[in-house]
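Given the structure of chain A, go ahead and fit chains B and C onto it with the hints provided.
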Amino acid sequence: MYESMVTAMRKVAVVAASSRQEEKMLDTEVEMMIPLISKVREETGLNQTEIGFTCSGSSDFLAGQAFSFVMTLDAVGPVPPISESHVEMDGAWALYETWVKFQMGAIDTALVYSYGKPSPGSLQDVLSTQLDPYYIAPLWPDAHSIAALQARHLLEQDEISHEDLANCAVRAGTVQSQEEYFDQPMLADPLRQADCPTYADGGVAMILAAEGKAEELCERPAWITGIDHRIDSHHFGVRDLSAIPSAKKAASKAGVYDAGIDLAELHTSYTVHDILLRKELNLPLDPTRSSKNHPIKAETLMASGLLRIAEAARAIWEQEANRVLAHATSGPLMQQNLMCVLSGEKG
Amino acid sequence: MTEIQIPSSIRNLEQVQSVRTPIRMEYTFTPGVAAQTYLREFGNKKILGNVSPVDGAILVPPRGADPRYGVLCDEFVEMPHTGHVGSFCVTNVPIPGRELELPYISAWIFLDGADIGFLNLVAECPPEECRIGMRVEAVWKPDDEIGMTAENILYWRPTGEPDLPFDEAGVRGWHVRKHGDSDA
Amino acid sequence: MAAGGELAAVIGVGMTKFSATRGDVSMPGLVREAAERALKDAGMVWGDIDAVVMGKAPDFFEGVMMPEIFLGEALGAVGKPMLRVHTAGSVGGSTALVAASLVHSGVHDRVLTVAWEKQSESNAMWALSLKQPFQVSINAGAGGYFSPIIRQYMEATQAPELIGCMVAFKDRQHALLNPYAHLHQPDLTFDQVVESPMLWEPIRYSETCPSSDGAAAMVIVNETEAEKSDNPAWIHAGAMRSEANNFPGRDEVNPQASRECAADLWNQAGISNPREEIDAVEMYVPFSWYEPMWLESLGFCERGDGWKLVESGATHINGGDLPVNCSGGVLSSNPIGASGMIRFAEAALQVRGMAGEHQVEGARKAMGHAYGGGAQYFAMWVVGKDKPTT
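Protein chains in written order, with the numbering used here: chain A, 1 to 347; chain B, 1 to 184; chain C, 1 to 390.
Chain A on its own, in the form it takes in the complex (with noise of 0.2 Å):
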């Protein structure tokens, strides 16, 4: 339906990526990221000035401080000045504004990193100021409930089952068996503790390099063959509930379609988001290979998204994986979606 506009452009891959996650962290920001941005930067041999542009996402209302970006920039040490920008965004799109100044030609390397740490505030209530602000954030509803509703849509839409959700949660980690699923008491109905997330602090950092300089700083770089993001009406009573096409649309524009996947990380952190993500997709329920640190058990937000694309690059880096695909998700039910395929060949 869409034709994939990526063949024509500059390659660019992930060569380098460092992270971390905890339940709650006791470090700032900046001295969480610090040993990040450091790891990558010695792993690549590239020192700060030698980095054409830096690019970061974060959130104000996470931090609970205005400008919360402007003292975790300490963290780059960004003297002497350095071409950058910040999204108020999950990192996965400032990963896509750095691949867009790639193709600009300007630059040739680049880090990009984000960070979140929910630990401080109650993110429920936080991720409740995000919705429409006249008709929706006033009744306070929590991140499970909306995700509740879904679920609810889909299972009386014969469109899921119980039994899926319950293989989602054993495939994701959550619980071990069926039965233990199954034994957990509704956190909110139809959703149990092991259908949503765990939130964590944490963050990501990485290095981007263009053709001719990523070969010289990774042995097997993972190439960006295709990458784009798309987002949806905001209003529950607008949208299908049962579709998403915004992740349809950017993954027919990353050529998703155009071969196999070996991998997906899927940055769904709720097991009903998982299998629908999955269908939209035409993603196996039941994949040969599963992330090795899914986001239900382990939600940054503001940098989960970034983690799926270092996820899918080391998949490729280890050899375990040729073609993954790496998703990130913003605002309620997953409306604005962002496809990002790696790849071992540069194609």
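FYI, nobody ran anything at the bench for these hints, they're computed from the structure. Since this is a predicted model, take the numbers as computed values, not measurements. Any given hint could be a false lead.
[Unchecked claim] Below are the EDC-like pairs computed for lysine to aspartate or glutamate, each with C-alpha atoms no more than 20 Å apart in a straight line:
| hint | chain 1 | residue 1 | chain 2 | residue 2 |
| --- | --- | --- | --- | --- |
| 1 | A | K253 | C | D50 |
| 2 | B | K141 | B | E151 |
| 3 | A | K297 | A | D183 |
| 4 | C | K17 | B | E101 |
| 5 | A | K292 | A | E318 |
| 6 | A | K11 | C | E6 |
| 7 | A | K253 | C | D48 |
| 8 | B | K178 | C | D251 |
| 9 | A | K253 | C | D109 |
| 10 | C | K40 | B | E3 |
| 11 | A | K24 | B | E26 |
| 12 | A | K39 | B | D74 |
| 13 | A | K292 | A | D262 |
| 14 | C | K40 | C | D251 |
[What the hints assert, rightly or not] Some chain B residues judged to face chain C by a derived CB distance under 8 Å, without partners named:
| hint | residue |
| --- | --- |
| 15 | A57 |
| 16 | R68 |
| 17 | F166 |
Don't be surprised by glycine CBs; every beta carbon is placed ideally from N, CA and C.
Frame of chain A; chains B and C shown alone:
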């Protein structure tokens, strides 16, 4: 602009101009590794600075990092309770959530030996007498009110010692010390 | 010379009326007002747009986390890529540059970019002074932060005390020529500016920017699309730089990030003498003294001479050879997140000959400038009436 079609039954009603939707969110912050050490000693009336592992520059208050290099700083040094005014502002605007008599002086205080300044209050000094380069010392809260908070120092007051020249005050002093160069 | 990659140009500009409270529109209504005007100017409809790039300053200003999520529909973004930029006060400029990069890169042909702030939705002063844990709460808003820096400039240059008042009076006079400006004070006299109360000495009330609601939007397109327009503003150069907030040896008055950003910009644009070659400047001046300070930092004059340029009247639209902020500038309208984009958009209007009463006659090259954080984030562009030559 888009024409909005309003049903005739509500066409004559008064337009809603605003809705109040109060938001309250609570955050429980952790100070971080370096600030924890700093606050603990600050509660003992000691002021700590971070020592840069790269060139020994002293950063007060400690944030656990040298922002020039993006490196962690885990070495601390105890600082004197005297310094000078790098620059200042005479403020006639109240700070939300804080009772201060207007006008008040907020100043960049550079402690003796420190390589960066921090914003703090200067008092016992008429606004028209405050100067860049003026020497100041800390006035602490009474001992029984001191704790693990950033607000143990009530304010800074002039010591009466001779001022630092403009070219050596504030950040310019760093250039003078490092390069003998006063053109910051 | 050009910004890199494919050529790009602004063919549509839209702004809202700026005012303290735009109680007549919701947040979607506000962004849509600017976007619809930009589309109309470009001769386009929503369906012509490939992607939307939004910018604004802290979300605490409106109390909505990542508001682009709910504003996507109002901007026709459903099914399209949508980005949200936040680089502190420079964000309006950075957002325009990110939108331009989508075209320069060849990824998209027609991009809509919108920057906005509806500060009346919450208390801006509160949002900027949220109690920081483990720190002494002493900073009453941006004025309290920038005043000590201005004081250092005044002392270092020994500039006459009323230079700041001259800038403020000039920008308020310019604002009378701009129907969208927030502050229209036809009866204001220079003496009233001088006599206005000191808020953050040495900054007077009248030397301070207002707090505004408002939005600005632009349509940025590739060369093929721009050729169809009667008066595209070609993007000749774009640059961004950031540095840390507080470090040993930091020049706060004339930050290295500002100087290097400007040097990169002039180099891209092939400009060797900005004073001679730039016809109009839209500079981010939220406090009056920043005009002479940035004139020096950007290379329009030697260090220490910025105030002399102001004093000579060079930056006034009437008779000045380097008119600065003919729109009235940030000192007359300040929806924070949009303020940078207004500078960029006003520069585009000037070279398109569409600035109305505040048009600089014959303007062929104009500069848009924005800064943010503790004067540590910079975004700048140069737009021209003529297509850049390579």
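Structure-based check of each hint:
Distance restraint check for K253(A) and D50(C): the Cα-Cα separation of roughly 13 Å lies within the 20 Å cut-off, and the hinted pair is therefore satisfied. Proximity of K141(B) to E151(B) is assessed by CA-CA distance (about 9 Å); at most 20 Å being required, the pair is judged to hold. In summary, the hint linking K297(A) to D183(A) is supported, as the alpha carbons are separated by about 19 Å, within the 20 Å threshold. Straight-line distance between C-alpha atoms of K17(C) and E101(B) comes to about 38 Å, which puts the hinted pair past the 20 Å bound.
Distance restraint check for K292(A) and E318(A): the Cα-Cα separation of roughly 13 Å lies within the 20 Å cut-off, and the hinted pair is therefore satisfied. This hinted pair checks out: K11(A) and E6(C) have alpha carbons roughly 17 Å apart, not beyond 20 Å. Of the pairs offered as hints, the one joining K253(A) and D48(C) holds, with about 18 Å between alpha carbons and a cut-off of 20 Å not exceeded. Using a Cα cut-off of 20 Å, the hinted pair K178(B) and D251(C) holds, with the two alpha carbons roughly 14 Å apart.
Proposed proximity of K253(A) and D109(C) is supported: the alpha carbons are some 16 Å apart, at most 20 Å. Of the pairs offered as hints, the one joining K40(C) and E3(B) holds, with about 15 Å between alpha carbons and a cut-off of 20 Å not exceeded. In summary, the hint linking K24(A) to E26(B) is supported, as the alpha carbons are separated by about 16 Å, within the 20 Å threshold. Annotation: proposed proximity of K39(A) to D74(B) holds, straight-line Cα distance about 18 Å (limit 20 Å).
Under the criterion of a C-alpha separation no larger than 20 Å, the hint pairing K292(A) with D262(A) is consistent with the structure, at around 14 Å. Taken as a hint, the K40(C) and D251(C) pair is broken in the structure, with Cα atoms around 44 Å apart against an allowance of 20 Å. A least Cβ separation of about 5 Å between A57(B) and chain C falls short of the 8 Å threshold, and the interface hint therefore holds. Here the hint on R68(B) is kept, as its CB sits about 5 Å from the closest CB of chain C, short of 8 Å.
Annotation: interface hint on F166(B) holds; nearest CB of chain C at approximately 6 Å, less than 8 Å.
Going down the numbered hints, you'll see the structure goes against 4 and 14, while the others check out.
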